[in-house]
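Protein chains: 2
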Amino acid sequence: MHDSNVIIDGLQYINWDRPLFERARDSGINAVHVTVSYWENNRETISNISQWHRHFQNHHDLIMPVREAADILEAKRLGKLGIIFGYQNCSPIEDDLGLVQIHYELGARIMQLSYNNQSLLASGCYESEDTGVTRFGREAIKEMNRVGMVIDMSHSGERSTLEAIDLSQRPIAITHANPTFFHDALRNKSDQVLRALANSGGMLGFSMYPFHLKHGSDCTLEDFCQMIAKTADMMGIDNIGIGSDLCEQWEYSKLEWMRSGRWTFGADYGEGSAGNKEWPQQPGWFRDSRDIKNVADGLAQHGFSQEDVNKVMGGNWLRFFEHSFGPSQ
Amino acid sequence: MHDSNVIIDGLQYINWDRPLFERARDSGINAVHVTVSYWENNRETISNISQWHRHFQNHHDLIMPVREAADILEAKRLGKLGIIFGYQNCSPIEDDLGLVQIHYELGARIMQLSYNNQSLLASGCYESEDTGVTRFGREAIKEMNRVGMVIDMSHSGERSTLEAIDLSQRPIAITHANPTFFHDALRNKSDQVLRALANSGGMLGFSMYPFHLKHGSDCTLEDFCQMIAKTADMMGIDNIGIGSDLCEQWEYSKLEWMRSGRWTFGADYGEGSAGNKEWPQQPGWFRDSRDIKNVADGLAQHGFSQEDVNKVMGGNWLRFFEHSFGPSQ
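So the sequences go chain by chain: A and Z. Going letter by letter, the first sequence gives residues 23 to 351 in our numbering. Going letter by letter, the second sequence gives residues 23 to 351 in our numbering.
Incorrect hints may have been included.
No distinction is drawn between identical chains; accordingly, a pair holds when it is met within one copy or between any pair of copies.
For lysine to aspartate or glutamate, the following DMTMM-like pairs were computed, each having C-alpha atoms within a straight-line distance of at most 25 Å [claimed, not checked]:
id	residue 1	residue 2
1	K164	E127
2	K315	D330
3	K102	D255
4	K236	E270
5	K164	D83
In case anyone wonders, no lab produced these hints; they're calculated from the structure. Note that the structure is predicted; figures quoted are calculated from it, not measured.
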């Protein structure tokens, strides 16, 4: 079934409506990993899923759910945008291992073990100490392996990430982050993590979120493609993709929810600061989904072969999802 | 795909363990509609489903989930007991229409609109006044029709049941009850209800729960088969099946939960009484699942043709489920 000529975005966080579904579909993107939950508990996450059910009913001509990798090819054939459900935190499973399968059955295919902070499963990248994968975390990794839900360590700490790579029997993902050699941010990943990820067959999705970019919003397409080329040298061409972290059409209050959830009554500025707290401005060459082809063009201009461009733009995610979604054979 | 030679029990409520799964499978029953929830809310019902996931893992050689009617034939082929998830009340959907599809995706295929008492959807058979299907109830019926979840009115009041039959665009079921002409109990159903049910293509499952039987635990097999014959004359041979309401291996405290839930701090004796409050004794010809073949033999001795025996023992349920589970074509 392999079709390397697909475009997959490994993470977006969008306040979706019909015009944005149309825009994303018309951009040539065949599937996108969407964020269904940050800090929402089981019940709240179910309400978010229910909202997606309304989207699927109301916009069935534009979008469809992706439950297995083959659905991405079906979405492409039908000219629709495939939607992959993912959670940026483990709050939907609360303290209950049984909720992994429950959320798998409700469509979740990717879950982060922690989001910036310590969770019940692992440490987050903003904690001063990373104590690694917890006792419950080890059980959750086994259960996610069993049902076929991808472990995502995008917002987790270094030690937790290395341990998750090691503990998981199936390759894991960092759906949206960049290498620290490109831009040294707490959210970006060390050479050690990237090498361990690649050695285990895992995937890195490159982020266009300005706080993850060298020079932020002023990062050039050439800078970005050079980073990809250097990472390909380090990780191999088969273990990298795009995870744009594109955020669109949200009020500032949603950014506050992402950053502060219910864990602080104060202000947390995440990757920003008190003087630079707003949603950042996208780089000019990736304003939104319509610009996804700029990235493909940029890679070609940088010297990537067409085959390698296809791998980075979606072929690698497709192959990874083929082996990751659902019980292992 | 039609195979009329299957045995299906339209309702059991069992404290399942491996010996009871073995017993039910060895009885020749191919599928059983099990009760996952009475008064449990969404979160509690999810924990009950999770417990079933453990059963499916631990006893995969004995049981399998039924999500479409074809799974029942697959269970028969594999020599396993097929498990159909159902709710005896609408408490799992709380006040949220979106939870119908959520629970459909988690496997629920049958839901009662009310259980003895007034619910958010309809009146129960023990209320002194039955005000019919509520505003939310009309929406829930439409949504259950859309996703393909069977409306069950076993414990609902007369008017609510007639209105549900009328409002539903797809045939409904009374999975476990008997005609009042046989035994006049609040839980049994009037001729008017049974005729309306049959005219709409719906199904009645005959109960062996002593409180639904003439002479209770002393009801004879011949009495029971005579009731079936008379009901077949009234409803037609294609609209009837078995819904034994077999309850096994529960403490008295579970009966209290079924009867009183959280809606009273006092004692409610349901179909029993203060002097007769315990789990009733099964009739001698149907002590448990192993005796299901007694019913088939009884029907044959009463004069039913083999074809008609097969219909009553499971063929009718199978055909009904083929048209009821999942979105309509």
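We went through each hint and held it up to the structure:
In the homo-oligomer, the alpha carbons of K164 and E127 lie at most 25 Å apart both inside one protomer (17 Å) and across protomers (23 Å), since each shortest distance falls under that limit. For the homomeric pair K315 and D330, the shortest alpha-carbon distance inside one copy (14 Å) is at most 25 Å, but the shortest distance between copies (65 Å) is not. In the homo-oligomer, the alpha carbons of K102 and D255 never lie at most 25 Å apart, since the shortest distance is 34 Å inside one protomer and 53 Å across protomers. For the homomeric pair K236 and E270, the shortest alpha-carbon distance inside one copy (21 Å) is at most 25 Å, but the shortest distance between copies (66 Å) is not.
For the homomeric pair K164 and D83, the shortest alpha-carbon distance between copies (22 Å) is at most 25 Å, but the shortest distance inside one copy (37 Å) is not.
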